[in-house]
Amino acid sequence: MPVKIDVNGELVTAYLEGEIDHHSARVMRNDIDSAIERNMPSMLILDFRDISFMDSSGIGLVMGRYKNLKKNNAELHITNTSPQIYKVMKLAGLERLAKIDKVGSK
Amino acid sequence: MPVKIDVNGELVTAYLEGEIDHHSARVMRNDIDSAIERNMPSMLILDFRDISFMDSSGIGLVMGRYKNLKKNNAELHITNTSPQIYKVMKLAGLERLAKIDKVGSK
Amino acid sequence: MITNVLKLVIPSKSSNESFARVAVASFVAQLDPTLEEINDIKTAVSEAVTNCIVHAYKESMGNIYITVQVIDNLTVKIKVRDNGCGIDNIKQAMQPLFTTGGEERAGLGFAVMESFMDKLSVKSKDGKGTVVTMQKKLSIRIS
Amino acid sequence: MITNVLKLVIPSKSSNESFARVAVASFVAQLDPTLEEINDIKTAVSEAVTNCIVHAYKESMGNIYITVQVIDNLTVKIKVRDNGCGIDNIKQAMQPLFTTGGEERAGLGFAVMESFMDKLSVKSKDGKGTVVTMQKKLSIRIS
Ligand SMILES: Nc1ncnc2c1ncn2[C@@H]1O[C@H](COP(=O)(O)OP(=O)(O)O)[C@@H](O)[C@H]1O
Ligand SMILES: Nc1ncnc2c1ncn2[C@@H]1O[C@H](COP(=O)(O)OP(=O)(O)O)[C@@H](O)[C@H]1O
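Protein chains in written order, with my numbering: chain A, 1 to 106; chain B, 1 to 106; chain C, 1 to 143; chain D, 1 to 143.
None of these hints come from the bench; they were simulated from the model. Check the hints yourself; a few may be wrong.
Here are the computed lysine to aspartate or glutamate pairs in the EDC-like style, where the Cα-Cα straight-line distance is at most 16 Å [what the hints assert, rightly or not]:
hint	chain 1	residue 1	chain 2	residue 2
1	C	K13	C	D88
2	A	K90	C	D88
3	C	K13	D	E114
4	B	K102	B	D50
5	C	K77	C	E103
6	B	K87	D	D88
7	B	K70	B	E17
8	B	K87	D	E103
9	B	K67	B	E17
10	B	K67	D	D118
11	B	K67	D	E104
12	C	K125	C	D88
13	A	K87	C	E37
14	A	K67	C	E36
15	C	K91	C	E114
16	D	K136	D	D72
17	B	K4	B	D50
18	C	K128	C	D72
19	A	K90	C	E36
20	D	K13	C	E37
21	A	K67	C	E103
22	B	K87	D	E114
23	B	K90	D	D72
24	B	K87	B	E75
25	D	K91	D	D72
26	D	K79	D	D118
27	D	K128	D	E103
28	D	K79	D	E114
29	A	K87	A	E75
30	B	K90	D	E36
31	A	K87	C	E104
32	D	K58	D	E104
33	A	K71	A	D101
34	B	K67	B	E37
35	A	K102	A	D33
36	D	K136	D	E36
37	A	K87	C	E36
Rough simulated footprint, nothing fancy, chain B against chain D, three-plus residues with beta-carbon under 8 Å [said to hold, decoys possible]:
hint	region
38	77 to 90
39	129 to 135
Built from N, CA and C at the ideal position, the CB exists for glycine as well.
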């Protein structure tokens, strides 16, 4: 199970697990999208605390979910990014689309 | 430092660290031998708690030290062997030369 | 002087992406790089290998050839080669956000390689394949 | 059916011993082996690679060729090849405790490979090199 979903009213949190690359991103994408569809959250939190590695496939993953949420005017929030993950997100300019918290920040 | 030496009267304990293969065994061998020479123990304990891997180069290492100790009628004791290490020692019949304690046994 | 070399060949199965970057990272780990350096290399290799799988061989299967050269125990030179479809406009392909991979590709693979490594060069022949060469000099460690 | 293949070439530097076994282990890890299975494979590979470094190429340097074939996602077949000095009496070489490596070699490399893997075969030509082929079938995991 690479994604654990936690629903709290209009707030949905997806806890991602493992490594994000092209290979693993497929399954995660489906899991998150069906959670969005089912729960129609006004805010989605993607929690990266258990992601040990991410390449630009993870950017595709985040951007795709961002677009999906936009349709319902919902917000995206990214938490617990390790330095490696944050560096990739920074390069992609993801902080212009979503609030990004580094690991350890609260 | 792949070997930490602890001297307690005639009892010398060598705490090995890292992985034991042909490459790493050289340094460990020298460290242990000079501790034997310096302290002339009546018992040497080789502690494997921080050894994460060992191949048959480790057998050579143990047998060589056993022979060195024999010259002074000293004993050899092996402690904290992981299942992987114990399996290699078992194959070599090392339990006929030294008392071997598995990790977690006391 | 080349002080160590690794050659590695794997089929373009997407489950090998993870293996490829871990293998290169553990080879480079012998040089005692910083965590950031090793992560940069891992990420760049992941991009290059993924491109072979996603773009070069698309629906087909082929071999991915990875060579890692260590120069003077300090500089890491990595080649990732495929015999796939090739890139006809390399300049365009290397532009950030450009992708032919559809919705879920960010078009940032080359941007990551360029920014995380010191040097990047791409050579390609249409229908023949592509070679990506990347280089990174590690910081000198005082030990 | 061969479901995955890894080819790996490294020079016979003793610092590559650790890399070689870790690389093979992480390749095999894709099959979700037990910890004991992965450790058995790691140990057997370590023995075969060390033999190339210590015996085949002794004071010289040469390449070590490692091939890992995964068959039906269940059986792992590993070849370790060198172009070194070769073994003139294989039967004798494979005997437990036999070594030409002096004091610090236990003469148990082949014994470990034989006991930790399901199959072992050794082919060698004097002055030409040696190929060690080992095979292990993983236990079927119910998941
Ligand atoms: N090895 C390759 N073989 C063929 N085409 C490639 C290769 N690598 C990259 N490309 C082309 O370059 C484009 C940009 O690549 P990249 O920056 O890595 O982004 P992405 O992989 O997200 O598309 C790809 O969409 C593809 O058209
Ligand atoms: N790749 C090889 N090339 C040449 N000789 C080898 C090779 N592998 C093994 N041998 C010979 O076989 C002997 C036994 O090997 P082994 O059982 O692994 O024990 P050890 O490595 O401790 O000597 C070695 O001492 C050596 O003479």
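Structure versus earlier hints, numbers of those that do not hold, lowest first
1, 2, 3, 5, 6, 7, 8, 9, 10, 14, 18, 20, 23, 24, 25, 27, 29, 31, 33, 35, 38 and 39
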